[in-house]
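K.L.:
In case you want the letters, here they are:
Number of protein chains: 2
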Amino acid sequence: MARENVSTKEQVLVEATRLFHARGFGGTSLNDLLAAAGIKKGSLYFHFPSKRDLALSVLERARSQFMEFLDEALLGSTPEEKLHHFLDSALAMHERMGFVGGCLWGNTALEMGDSDEGFVGFVAQVFDEWTQRIEAVIADGQAAGQFRTDLPARQLASHVVAAIEGGIMQSRLRKDKKPMTVCIDAIKTLLRADASSVAR
Amino acid sequence: MARENVSTKEQVLVEATRLFHARGFGGTSLNDLLAAAGIKKGSLYFHFPSKRDLALSVLERARSQFMEFLDEALLGSTPEEKLHHFLDSALAMHERMGFVGGCLWGNTALEMGDSDEGFVGFVAQVFDEWTQRIEAVIADGQAAGQFRTDLPARQLASHVVAAIEGGIMQSRLRKDKKPMTVCIDAIKTLLRADASSVAR
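So the sequence lines, in the order shown, correspond to chains A and B. Position 44 of the first sequence, counted from 1, bears residue number 44 in this note's numbering, the numbering being contiguous throughout. Position 135 of the second sequence, counted from 1, bears residue number 135 in this note's numbering, the numbering being contiguous throughout.
Keep in mind the hints are simulated off the structure, nothing from the lab. A quick note: this is a predicted structure, and the numbers were derived from the prediction, not measured. Be careful, since some hints might not be right.
What the hints assert, rightly or not - Facing chain A, from chain B, some residues (calculated, C-beta under 7 Å): (1) G27; (2) D114; (3) Q146; (4) T149; (5) L151; (6) S158; (7) H159; (8) G167; (9) K178; (10) A186; (11) K188.
Note that the Cβ used here is the ideal one computed from N, Cα and C, for glycine as well.
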């Protein structure tokens, strides 16, 4: 019984993640969720007392997966290799999804940005953790002489995250690899150490 | 009578723009629109046969206003001044809105990105026009020795638009000027000519 419950709960989370990612929180109805997960209303409410509880569980689960993705993507023998591998991995992931759905964090930021405080705080924290991970790699690369040092690592990291979100948006809009590729290639060049080695 | 119709139509467009910007297309109901514009259903349908027609009219009107904004923002005696004035104007505009609502184009791209082809094409075209305007200024600045030349003007312009969209998203999420300011300051430094003047 316990195992069955875990399995039903996980199944609801998988389907809810897919639906929220594709249609947004507001665009997903209770009936969509019940149909996709193949369960009855009582079973859904047993696991998730409200749609908001379900959405927060979806975001919690997606956050864990995203942090695992960052662990796997930020790999390389130098800070520059780590950053480039992360950028290429992000592009590859969105390409595998056919540039459908975009970034769950960006979507939630835009859908909930002005409304639900719980969602906003959660998504802001995910962006903070993401930015801090990139900042650490950039700071290491600055110390190693691989990245420009005329801007703080924190500012460069915020810029990288902002540019990636914008690049994902453009590739999703056009269902085309090019905007995100162009954006990522620009980041690689813009961060290079020689860019800041001239005295002004 | 003609004057009254024009006025009603304009009034609906103003209120629909406000609602779509704040809640999205899917989050705005017919009743929301009727209540906000203070009209009856028949009057709404007289001017806009469907919600989709209304949304496209809202986007058309917003596009005109955005192109006027670009005309006023891209001012200065040099290309660098023009770009900086545009960046500062974009920040000032979002600050005036209290970082509520975000960018209508970014929102529509994220809300409609995978669905309605008519909306997607329209929004992609607005982003193209915007990027071309920025590209022209960057190309002038490259010729004048103000901007780096190791990346094509088109690529730098796409990067600028992507980074601004990401910066708007972050400032909206946190209702804080800082993320967008940090992003814009980074753009100004990253594009500087001396960044590419070193032989590799």
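K.L.:
Can you give the numbers of the hints that this structure goes against, from lowest to highest?
P.N.:
As far as the earlier hints go, 3, 4, 9, 11 are violated by this structure, in ascending order.
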